[in-house]
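Number of protein chains: 2
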Amino acid sequence: MDFKQLSKQYKNELLENVVPFWLSQSQDHEFGGYFTCLDREGKVYDTDKFIWLQAREVWLFSMLYNKVEQKKEWLECARQGGEFLKEYGHDGNYNWYFSFTREGQPLIQPYNIFSYTFAAMAFAQLGLATGNDEYSAIAKHTYDRIIEKQDNPKGRYNKAVPGTRELKNFALPMIMCNLNLEMEHILGHEYVEQSGTKLINEVMNTFYRPELGLIVENVNADGSFSDTFDGRLLNPGHAIEAMWFIMDLAERMNKKDIIQKAHQITLQTLEQGWDKEHGGIFYFMDAKNHPPQQLEWDQKLWWVHLETLISLLKSYRLTGSQESLDWFEKVHQYTWTHFKDAQFPEWFGYLNRQGEVSLNLKGGKWKGCFHVPRGLYQCWKELEKF
Amino acid sequence: MDFKQLSKQYKNELLENVVPFWLSQSQDHEFGGYFTCLDREGKVYDTDKFIWLQAREVWLFSMLYNKVEQKKEWLECARQGGEFLKEYGHDGNYNWYFSFTREGQPLIQPYNIFSYTFAAMAFAQLGLATGNDEYSAIAKHTYDRIIEKQDNPKGRYNKAVPGTRELKNFALPMIMCNLNLEMEHILGHEYVEQSGTKLINEVMNTFYRPELGLIVENVNADGSFSDTFDGRLLNPGHAIEAMWFIMDLAERMNKKDIIQKAHQITLQTLEQGWDKEHGGIFYFMDAKNHPPQQLEWDQKLWWVHLETLISLLKSYRLTGSQESLDWFEKVHQYTWTHFKDAQFPEWFGYLNRQGEVSLNLKGGKWKGCFHVPRGLYQCWKELEKF
Numbered sequence: 216m217d218f219k220q221l222s223k224q225y226k227n228e229l230l231e232n233v234v235p236f237w238l239s240q241s242q243d244h245e246f247g248g249y250f251t252c253l254d255r256e257g258k259v260y261d262t263d264k265f266i267w268l269q270a271r272e273v274w275l276f277s278m279l280y281n282k283v284e285q286k287k288e289w290l291e292c293a294r295q296g297g298e299f300l301k302e303y304g305h306d307g308n309y310n311w312y313f314s315f316t317r318e319g320q321p322l323i324q325p326y327n328i329f330s331y332t333f334a335a336m337a338f339a340q341l342g343l344a345t346g347n348d349e350y351s352a353i354a355k356h357t358y359d360r361i362i363e364k365q366d367n368p369k370g371r372y373n374k375a376v377p378g379t380r381e382l383k384n385f386a387l388p389m390i391m392c393n394l395n396l397e398m399e400h401i402l403g404h405e406y407v408e409q410s411g412t413k414l415i416n417e418v419m420n421t422f423y424r425p426e427l428g429l430i431v432e433n434v435n436a437d438g439s440f441s442d443t444f445d446g447r448l449l450n451p452g453h454a455i456e457a458m459w460f461i462m463d464l465a466e467r468m469n470k471k472d473i474i475q476k477a478h479q480i481t482l483q484t485l486e487q488g489w490d491k492e493h494g495g496i497f498y499f500m501d502a503k504n505h506p507p508q509q510l511e512w513d514q515k516l517w518w519v520h521l522e523t524l525i526s527l528l529k530s531y532r533l534t535g536s537q538e539s540l541d542w543f544e545k546v547h548q549y550t551w552t553h554f555k556d557a558q559f560p561e562w563f564g565y566l567n568r569q570g571e572v573s574l575n576l577k578g579g580k581w582k583g584c585f586h587v588p589r590g591l592y593q594c595w596k597e598l599e600k601f
Numbered sequence: 216m217d218f219k220q221l222s223k224q225y226k227n228e229l230l231e232n233v234v235p236f237w238l239s240q241s242q243d244h245e246f247g248g249y250f251t252c253l254d255r256e257g258k259v260y261d262t263d264k265f266i267w268l269q270a271r272e273v274w275l276f277s278m279l280y281n282k283v284e285q286k287k288e289w290l291e292c293a294r295q296g297g298e299f300l301k302e303y304g305h306d307g308n309y310n311w312y313f314s315f316t317r318e319g320q321p322l323i324q325p326y327n328i329f330s331y332t333f334a335a336m337a338f339a340q341l342g343l344a345t346g347n348d349e350y351s352a353i354a355k356h357t358y359d360r361i362i363e364k365q366d367n368p369k370g371r372y373n374k375a376v377p378g379t380r381e382l383k384n385f386a387l388p389m390i391m392c393n394l395n396l397e398m399e400h401i402l403g404h405e406y407v408e409q410s411g412t413k414l415i416n417e418v419m420n421t422f423y424r425p426e427l428g429l430i431v432e433n434v435n436a437d438g439s440f441s442d443t444f445d446g447r448l449l450n451p452g453h454a455i456e457a458m459w460f461i462m463d464l465a466e467r468m469n470k471k472d473i474i475q476k477a478h479q480i481t482l483q484t485l486e487q488g489w490d491k492e493h494g495g496i497f498y499f500m501d502a503k504n505h506p507p508q509q510l511e512w513d514q515k516l517w518w519v520h521l522e523t524l525i526s527l528l529k530s531y532r533l534t535g536s537q538e539s540l541d542w543f544e545k546v547h548q549y550t551w552t553h554f555k556d557a558q559f560p561e562w563f564g565y566l567n568r569q570g571e572v573s574l575n576l577k578g579g580k581w582k583g584c585f586h587v588p589r590g591l592y593q594c595w596k597e598l599e600k601f
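Chains A and B are the protein sequences, given in the same order. The numbering used here numbers the first residue of the first sequence as 216 and each following residue consecutively. The numbering used here numbers the first residue of the second sequence as 216 and each following residue consecutively.
Not one of these hints is a red herring.
Subject to a maximum C-alpha distance of 27 Å in a straight line, what follows is the list of computed DSS-like cross-link-like pairs (lysine-lysine):
#, chain 1, residue 1, chain 2, residue 2
1, B, Lys580, A, Lys374
2, B, Lys374, A, Lys383
3, B, Lys364, A, Lys374
4, B, Lys223, B, Lys287
5, A, Lys355, A, Lys413
Here chain B is said to cover these stretches of chain A; the calculated rule only asks that three of the stretch's residues, wherever they fall, bring their Cβ under 8 Å from a Cβ of chain B:
#, stretch
6, 257–270
7, 316–326
8, 368–374
9, 504–513
10, 572–584
Calculated from the structure, these hints are not laboratory results. Owing to the predicted nature of the structure, the values given are computational and were not obtained by experimental measurement. Every residue, glycine too, gets a C-beta built ideally from N, C-alpha and C.
Let the sequences and hints guide you as you build the complete structure.
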């Protein structure tokens with residue numbers, strides 16, 4: 216495998232195709248922030264704005280400025296989105312709405328904790344890029360809200376009847392592994408190490424079920440397996456993405472056994488999640504092979520494949536495993552063949568099981584300027600190390 | 216077309232295949248109520264119970280008892296499910312939960328108005344079947360709750376920020392067209408006529424958009440078109456199902472112009488919703504042909520096709536339109552070829568765009584003892600009239 220050539224491929228795709236697409240097509244020069252509902256050619260088909268994606272684009276352009284090159288247009292793109300978010304994205308108390316109109320009028324209440332996590336991530340990175348302490352303070356205030364809300368993230372919008380079936384969800388501890396590293400300059404080294412030990416334990420000992428060899432999306436409050444739709448739910452892309460967050464954290468904390476375990480879980484999940492008939496990684500599965508509730512279970516999503524590429528390269532670099540490298544080649548092949556649009560910039564997001572494009576949008580409610588460029592960046596940087 | 220033969224085909228499938236399946240496989244003889252999560256062969260794969268489906272099965276067996284034959288086992292099946300629902304399905308004040316455990320412990324709060332509408336429908340029909348006034352009273356109490364909640368059906372679980380974008384949703388007025396007729400013996404003739412006039416106006420003049428020739432799922436509070444994801448959303452099966460509710464109501468109220476309009480809308484919707492490439496009717500579409508948010512947009516669902524068959528037969532009987540009959544043949548062909556399981560009882564529910572089985576369950580969280588048997592019954596009875 217020609218790592219140099221591959222590294223260049225990822226870098227070029229990022230800097231010559233994907234980043235220019237978002238820079239030129241997504242910025243709302245009239246009201247601020249970003250359009251993310253962009254069709255195949257990059258034209259805006261809906262003007263609603265979603266906090267997840269607004270925050271993630273602020274983060275991405277700040278990160279590029281901080282880590283790739285101090286380009287003025289990248290900083291300005293991040294800054295104007297940050298200002299829009301700061302002004303309209305929350306209720307005045309750093310409770311982050313889920314979505315707002317083009318003009319910034321709130322549409323959906325702050326029920327979704329990941330609006331908070333991505334806002335914190337965005338302002339922490341924007342603080343670094345600009346040196347403006349106000350942004351770092353917003354990140355810290357938001358982080359505090361997350362900690363307050365972590366035991367009942369949906370708050371009053373939680374529809375579960377208390378006491379019948381209390382489940383813990385995987386997504387928040389998973390995201391916190393990444394967020395703590397993103398915010399280490401604000402949270403402090405000691406906090407990140409203490410919290411990291413707890414988070415690693417939660418992900419690797421509670422949500423990882425040794426009897427399955429897999430991570431489940433939900434467990435009972437006491438940490439046991441729940442033989443219910445929610446308890447049996449597998450999201451291979453989610454589990455694999457978590458493994459590179461864990462590998463980053465374990466590398467930072469110098470925990471070799473955890474790296475080894477994260478590497479193993481990556482391969483086990485991929486073995487389970489790979490569609491042997493049509494290729495690609497399934498979106499949802501049931502741990503007992505019952506029918507999942509999610510009708511889109513067999514679709515192939517862009518972020519699943521990009522996150523998997525990252526985890527495989529990290530697991531190869533950290534363990535030297537040939538199996539990781541073989542899987543990387545296979546997933547790389549599938550991903551570039553199926554998700555890259557040969558005709559127009561940016562990548563497709565949604566394929567059916569057969570690998571045909573099911574929705575030809577380049578951005579929407581959930582796909583924005585995030586997984587494709589972050590994945591390309593991470594792979595470029597990992598490949599450069601070989 | 217041999218109507219006699221076809222009528223027999225629908226009747227036999229109902230009475231010899233589908234009804235015996237639910238009677239033998241779904242009843243929970245230990246705790247009461249019904250299992251609905253049944254795999255291809257009818258084995259229980261999950262024991263959670265969903266109020267929508269519990270109520271619909273009470274309704275179906277009561278209806279069969281009232282309209283087909285006074286079979287003791289049908290009545291007993293309906294009655295035991297009704298008792299289970301009465302005991303565990305609501306909070307004591309006829310606020311109906313969304314789901315409960317096998318034993319009847321509530322899982323999900325009463326956030327969903329259709330748990331109420333299907334409970335009202337169930338107890339009204341069970342009251343008729345048993346002559347037990349307690350059941351009819353439950354139906355009436357529940358109906359009153361629906362009317363109280365109709366302007367904000369989700370109540371405190373409504374995540375929309377008040378004042379930014381107030382939308383009205385199509386589903387409730389649509390269901391009320393059917394529920395009022397179901398409950399006419401409880402609500403009274405005068406009420407049904409008065410309410411019917413309002414509902415017909417709402418469906419046919421507010422949600423039907425003449426500029427599109429289609430019904431949309433959401434409109435602005437003032438009745439205007441909303442050029443947003445929600446406002447552009449089309450659900451062809453929903454719109455077509457509504458048209459047979461409207462035809463029933465218009466027939467009952469002797470409104471020939473409304474019948475004619477419902478017939479036209481059925482055909483226009485089918486023309487729009489039919490997949491010219493692979494056959495079958497799409498699940499979701501966007502009125503402006505933008506990408507819809509629903510990843511399952513191109514799947515072919517059982518209920519869409521069964522409800523369409525009903526609407527086409529009613530529209531043929533009431534208008535004599537050859538076009539309705541031609542469409543019926545086409546949809547009948549697709550439906551029986553793709554949804555009927557040649558090997559095991561009951562029908563498949565979820566196909567991919569190509570018409571291949573995507574989930575081979577016979578029941579789940581949303582598919583229960585309802586659309587297949589109701590559709591077969593309705594088609595049998597309509598075909599008998601020719």
